[in-house]
Structures are given as C-alpha cells and as structure tokens.
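Participant: Residue-level listing of the chains:
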Amino acid sequence: MAIEPVDDAQSQAEKAPPLAPDISDKVKRPKWGKVKSAGAAQSPLLGAAMFAPAVLYLLAILGGPFILAVIYAFSDIRIGSTEMHWVGLENFRSILQSPSFRTSIENSFIFTFCSQVIVIIGSTILAVALEKKFRGRGIFRFLILLPWVAPISLGAIGWKWILDSLYSVINWVLVAVHLFKPYEAPMWLGEPHLAMASVILVQSWRLLPFATVIMLAGLTAIPKEIPEAAAIDGAGFWRTLFEINIPMMLPIINVAVLFGIIFTFTDMTVVYILTAGGPFDSTQVLPSYAYFTGILGSDLAAGAAVSLFLVPLLVIIAWLMLRTAHRAEVV
Amino acid sequence: MAVVQTRNLTKVFKQGEIGAVNDVNLETREGEFLVFLGPSGSGKTTLLRMIAGLETPTAGEILIGGRVVNDLAPRERRIAMVFQSYALYPHLSVYKNIAFPLKAQKVPKDAHKVKVEWAASLLGIRDLLQRKPRELSGGERQRVALARAIVREPSVFLLDEPLSNLDAKLRASAREELERFHRRINTTTIYVTHDQIEAMAMGDRIVVLHKGYVRQIGAPTEVYDDPADTFVATFLGSPPMNLIPDTDVIVGFRPEHFRVASAVTDTDKIPLKFQVENVEYLGAEWILSGALVGGRFNGKKAVSRLLFGQEFEIGKTYDFAVPERRLKFFDPVTEKKTAARKLAWQ
Chain A
1110 MAIEPVDDAQ
1120 SQAEKAPPLA
1130 PDISDKVKRP
1140 KWGKVKSAGA
1150 AQSPLLGAAM
1160 FAPAVLYLLA
1170 ILGGPFILAV
1180 IYAFSDIRIG
1190 STEMHWVGLE
1200 NFRSILQSPS
1210 FRTSIENSFI
1220 FTFCSQVIVI
1230 IGSTILAVAL
1240 EKKFRGRGIF
1250 RFLILLPWVA
1260 PISLGAIGWK
1270 WILDSLYSVI
1280 NWVLVAVHLF
1290 KPYEAPMWLG
1300 EPHLAMASVI
1310 LVQSWRLLPF
1320 ATVIMLAGLT
1330 AIPKEIPEAA
1340 AIDGAGFWRT
1350 LFEINIPMML
1360 PIINVAVLFG
1370 IIFTFTDMTV
1380 VYILTAGGPF
1390 DSTQVLPSYA
1400 YFTGILGSDL
1410 AAGAAVSLFL
1420 VPLLVIIAWL
1430 MLRTAHRAEV
1440 V
Chain B
105 MAVVQTRNLT
115 KVFKQGEIGA
125 VNDVNLETRE
135 GEFLVFLGPS
145 GSGKTTLLRM
155 IAGLETPTAG
165 EILIGGRVVN
175 DLAPRERRIA
185 MVFQSYALYP
195 HLSVYKNIAF
205 PLKAQKVPKD
215 AHKVKVEWAA
225 SLLGIRDLLQ
235 RKPRELSGGE
245 RQRVALARAI
255 VREPSVFLLD
265 EPLSNLDAKL
275 RASAREELER
285 FHRRINTTTI
295 YVTHDQIEAM
305 AMGDRIVVLH
315 KGYVRQIGAP
325 TEVYDDPADT
335 FVATFLGSPP
345 MNLIPDTDVI
355 VGFRPEHFRV
365 ASAVTDTDKI
375 PLKFQVENVE
385 YLGAEWILSG
395 ALVGGRFNGK
405 KAVSRLLFGQ
415 EFEIGKTYDF
425 AVPERRLKFF
435 DPVTEKKTAA
445 RKLAWQ
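Chain order of the listed sequences is A and B. Using the numbering used here, the letters of the first sequence correspond one by one to residues 1110 to 1440. Using the numbering used here, the letters of the second sequence correspond one by one to residues 105 to 450.
Please note that the accuracy of each hint is not assured.
Restricting the straight-line Cα-Cα distance to at most 30 Å, the calculated cross-link-like pairs of lysine-lysine (DSSO-like) are [stated by the list, open to error]:
no., chain 1, residue 1, chain 2, residue 2
1, A, Lys1241, B, Lys315
2, B, Lys441, B, Lys405
3, A, Lys1333, B, Lys441
4, A, Lys1241, B, Lys207
5, B, Lys213, A, Lys1333
6, A, Lys1242, B, Lys219
7, B, Lys377, B, Lys441
8, B, Lys273, A, Lys1333
9, A, Lys1333, B, Lys219
10, A, Lys1241, B, Lys210
11, B, Lys200, A, Lys1333
12, B, Lys446, B, Lys377
13, B, Lys217, A, Lys1333
14, B, Lys118, A, Lys1333
15, B, Lys315, B, Lys405
16, B, Lys207, A, Lys1333
17, A, Lys1241, B, Lys118
18, B, Lys200, B, Lys219
19, A, Lys1241, B, Lys200
20, A, Lys1242, B, Lys118
21, A, Lys1333, B, Lys315
If you're looking for bench data, these hints aren't it; they were derived computationally from the structure.
Please construct the entire structure, taking both the sequences and the accompanying hints into account.
Facilitator: Here's what the structure looks like:
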C-alpha cells in the first residue's frame, strides 16, 4: 500500500507544535478584568456603577421635574411664593372649566394630526424621489436635511418674517402677480385659520427631513430584486409603491409617525415664536398653554396641572413604540 | 412560446471600461432550455437582466418572438423571472404572491383562484397557500417563486441561479424537478448558473461566457468533448482538461482519457510515462496527479481520473497512454481550437 494514513496521522500529531504558546500564567491581569462569558454578572457592583450615570442623568433631567410637576399640580404654589398648600383636585377643576384649556387640547390634536399627515405623505414622496440616482442627488439630500440641522428657533424666526403681516415675501409675490391688491393680502399669522395652517406647515417643514431620512432608510432596506420582480410581474410605478414598497416599509413608517407625534405634541417652539398661541388662543397648544399659565402667568400649580394632561397620550405612544420595536425584532 | 434573440448585444457600465457583456449574438430555439454558464463576473446575469428589461443595453438589439423589445418595459415582454433570492413579497401570503402577476396584469378576479391553484398544484404547494414566505423552507420558497412565474403563462422563462441558495442535497432533487417541470410546460427557458454540473445536466444547449464574451454555444456533449478554446476546455470538467504547452501548439486531453496504457484499447494511442505525485480517493473514482517523464514533455503536469487506483504508489512512474483521437489542439496565441496534427511525442 502506498498510503498508510493511520500511522502518518499519528506521527504528524506527535510532531506538530502546539497552536500557540500558552503564556497565560506569565501575563498579569487585574483581577476584576478577567472577562468570562458571563461578563459583568460576576461583579454586580461594577455593572451597577457603569449603569449609574445613565440612571442618575435620567432621574435628574426627567424624573425630578416630573415628580415636582405632580406635586405642584395638587398645590397652590406660585412663582415667588414661599409656601405651598395641598389643594387636592382644585387646579384640575379650574383648568377644565377654562375655555382656553379646551381650545388648547383641541388645537394640540389638530396641530399634531395635520402635521403628521403632511410629513408622512411628503417624506414618502421625497424618499421615493431621492432613492433614484440622478445628478446632484448628494446636494439635494443635504439641502433636504438642512431644516433639521439648523436651530429650530432660527428657522422659526425666518418663517416669522416670511409670514409677517407687512414684510411677507409671500404676500409681496402675491401682490406682484396681481392675485391680491396691496393691503388686502392675507394676514398669515393674524387670522385664526390661516395662523393654524401656518404653524402646521412650519412644523411639517421642520419634521420633514427627519422623516425623509427614516423613510429613505426603510426604502433602501428593501432588497432590489423585490421591486424588480414586481416590475417583471407587471406592476407599474403606483402598484409597486402602494402594494409592495409601502407595505414593506410599514414598520419603519410607524417609527417615523410615533417620533413625529412626540416631537409635535410636546413641542411649543414653532407656536411660541410664530404666534405665541394667538390670535385668540387659535393656535394655543397644551405645552404653550402650560408655559403661558405656569411661567408667564406665574401660576406654577395650574401650569403643572396642564402639562400633566400630556402624560396619558405619551404613555400610549411609548407603549406603541415599544411594541413596534419588539415586533420589528421578531420579524 | 417564443424565441429570444440578441444581436451584437453590449453592456458597458462605466464609459471607458471593459464591457460587462460584449457583442453577444445568440438565438434560442423554440421551447429550448438554454443555459448561460460562466464564472462570476462573466456577464451571464447582466445578459439575462438585459433580456428581462431590468438593464438597458449600451448597444445591440434584443428580440423576443421576432419583435425588438429594447424599448419595452419588463412587464410588456411577456417574460417571467425567478431570482436567485426568489424575491418573494414578504408581506403577502403564498396565495397573494402567486396571484400578484395576475392582479398586476388585470386578469379578471374570478379567474385568479383557478389559476393560482393550477400553478400551486403543478409545484405541489397547495397546502402552503395561506403561509407567509418567512414560514417556508428554502425549497418551498423556490417552488413559490416558480409558481409565481408560471401562473400567467409567460412566453419565456428566465431563471437566475435559482438553486444556489439550496443546500447540496436539496439542490440535486430540485434540479431534477426543474427538468421535469420544463419538460411538462415546454416553454423557452434561459437559465443562468456558474455550476457546470447544473449546466451539463439541464441544458439543451450551453452558452459559455467569459469576461462578457461568448466563448462557445453548443449542446453539453459538444462543449465538453469539443471545446472551442482553452477557457471552455478548463472551465468544464472536474478535474479540468490537461493542457500541455508545446512550441507552437497546446495539446489537451481529458483526465478520464489519460489512463494506464494496458487499459487503452485504441490502436492509435500515445504512450506517455507518468510519475504519480498525489493520489486522491473520491469514492467512485480516483484522481492521480503527477508529471510526465521522458520525451519532449518531460516534467509537464498532468492529471488522470480512474475508476480504480489502488495499485498506484506515490513517487513511482507508470506507463500511461491517451487515445490519439481524444487529443485536442489549441493555438497558443489565440487559445482557440486548431486542426489536429501529428506530434513527435518522444
């Protein structure tokens, strides 16, 4: 026989050097640094220590103010007062009777709902457009992203001028093309319905880039062959969009919507800068109403009570978000 | 049913670069199973995607059923395609996946059920209609993809490496199933693969592609027994053809024709001395590699493939031979096949 594999293998094994010299006893390692598969489980203290900064941060920034708000909401505290008394549900009773409060709740929902609809439709269109390759796509994507990276207050102040009653460029154009006579052009921030439309549009403008980026990520995550298969199967642009791409993007659209709702429902920047809630509370939303009552009106207790009304809605959204995230993992 | 033709079809992705597909002329036959075979980067998938309408040709024409389809969208070409990844719609049930082409082509809704069930029973997946693609095994997904392809009775089938995602065992049975399937529906089919065994087993004809050029078109026996150039000679066959370079010619012979002299019954045989350097036992066969000894080919490497190899010892020299009619000759410059000639072997 030419080959005797058994003998060969044995002699090979005897001659073979160990894979790597074992120097583990010569290397000094700090005791707690010995990383085993269980990791930090060996030293619960270390785990807690590393986790603590995050917990402390959250407690200081979110937990503390939240507990304070709850306490204040049941008291008669005012800015500048040195004492505070328990008043039970008195604050809530008086808020619920206030027409301004009811308007703010209504406006909050209109403001959030309308801007989200605009943002989702707009960002889907933009994402589909920006996914295609074309000359200058990079610059275009950058420009789309600008409203998101620029400070909100700067953008909002820019819009305040664009929509100004005297210096509005929009009105200037409308007059120039003879759609309106001078001094009869719309008062964008001065008429209730127009003011609401204006803050909704500016808020949408602000959120659009973020939603577009999320949608674009969702769209590019769809394997290229799937729309191709749809094209061969006979689907045109619209059918591919509505029956293939959008359903496949649904989980990510959910994320975009939930983020958008949180950003819009809890935010007052745009309203505060553009209209300060006016005219006649027509653009007043919950956060701005809480601010005007609690800080500017120095009725801290009432302001805290108003802001507590945000909590139930945010809890529902947080629950939905966790559920979506969980489902996304399962798939 | 239809015939697919390409005329000087070329695809250049970046201007100034070498084309992915260069000047390809081919024509399928009615109902034929045509295989595009080549290593990765040979342009076989690009060629298929141009026929499907997913890629725009840089130059040349594509004809389906005698009509130039260059400017037609994929959906207007009456083709069906099965992708390597199957590209099933993950959010739709198997039933809706198969029904999608019918819906997209506005087949009346009451016809859907009959059609889908026909396609599903043809592929034996009637029990899976309510499942989602992620609940299916690889083999089941492949069948769903095939069912989705046949449901609207296309005139041409395009298959892009549909077996490459299956494990080795399943691949063999899926291959056989595909062959039966093609025999039954008898639609012109173009099949892309890098696997020579698939190509040999399934193809009525094979188009061998390399670097975007067609190297040879022919029946499996033609491409294997009579390769047009050294690329085809070495790409097909495992182990590949022995190529022995000489001064003005390359001589080729298949390992299975390079055998012990006493076993070669042909009268016109070339005797060669063969020193064995390695022996591999592969179950059904033995692969011997080594070098030729003595004569003008002294030291040239060669491989032999035998049914019995027990008696060979490494390092020893044996009397081997090749039947003269099995020799192939290639031009060392163009690497193309040239006329047979007499050689002084000693």
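Participant: Compare the structure with each hint and give your call.
Facilitator: Taking the hints in turn, this is what the structure says about them:
no. : hint                 : in the structure
1   : A:Lys1241 - B:Lys315 : holds, 29 Å
2   : B:Lys441 - B:Lys405  : holds, 21 Å
3   : A:Lys1333 - B:Lys441 : violated, 41 Å
4   : A:Lys1241 - B:Lys207 : holds, 26 Å
5   : B:Lys213 - A:Lys1333 : holds, 28 Å
6   : A:Lys1242 - B:Lys219 : violated, 38 Å
7   : B:Lys377 - B:Lys441  : holds, 26 Å
8   : B:Lys273 - A:Lys1333 : holds, 29 Å
9   : A:Lys1333 - B:Lys219 : holds, 27 Å
10  : A:Lys1241 - B:Lys210 : holds, 27 Å
11  : B:Lys200 - A:Lys1333 : holds, 20 Å
12  : B:Lys446 - B:Lys377  : holds, 19 Å
13  : B:Lys217 - A:Lys1333 : holds, 29 Å
14  : B:Lys118 - A:Lys1333 : holds, 20 Å
15  : B:Lys315 - B:Lys405  : holds, 27 Å
16  : B:Lys207 - A:Lys1333 : holds, 21 Å
17  : A:Lys1241 - B:Lys118 : holds, 18 Å
18  : B:Lys200 - B:Lys219  : holds, 12 Å
19  : A:Lys1241 - B:Lys200 : holds, 28 Å
20  : A:Lys1242 - B:Lys118 : holds, 15 Å
21  : A:Lys1333 - B:Lys315 : holds, 24 Å
The earlier numbered hints that this structure contradicts are 3, 6.
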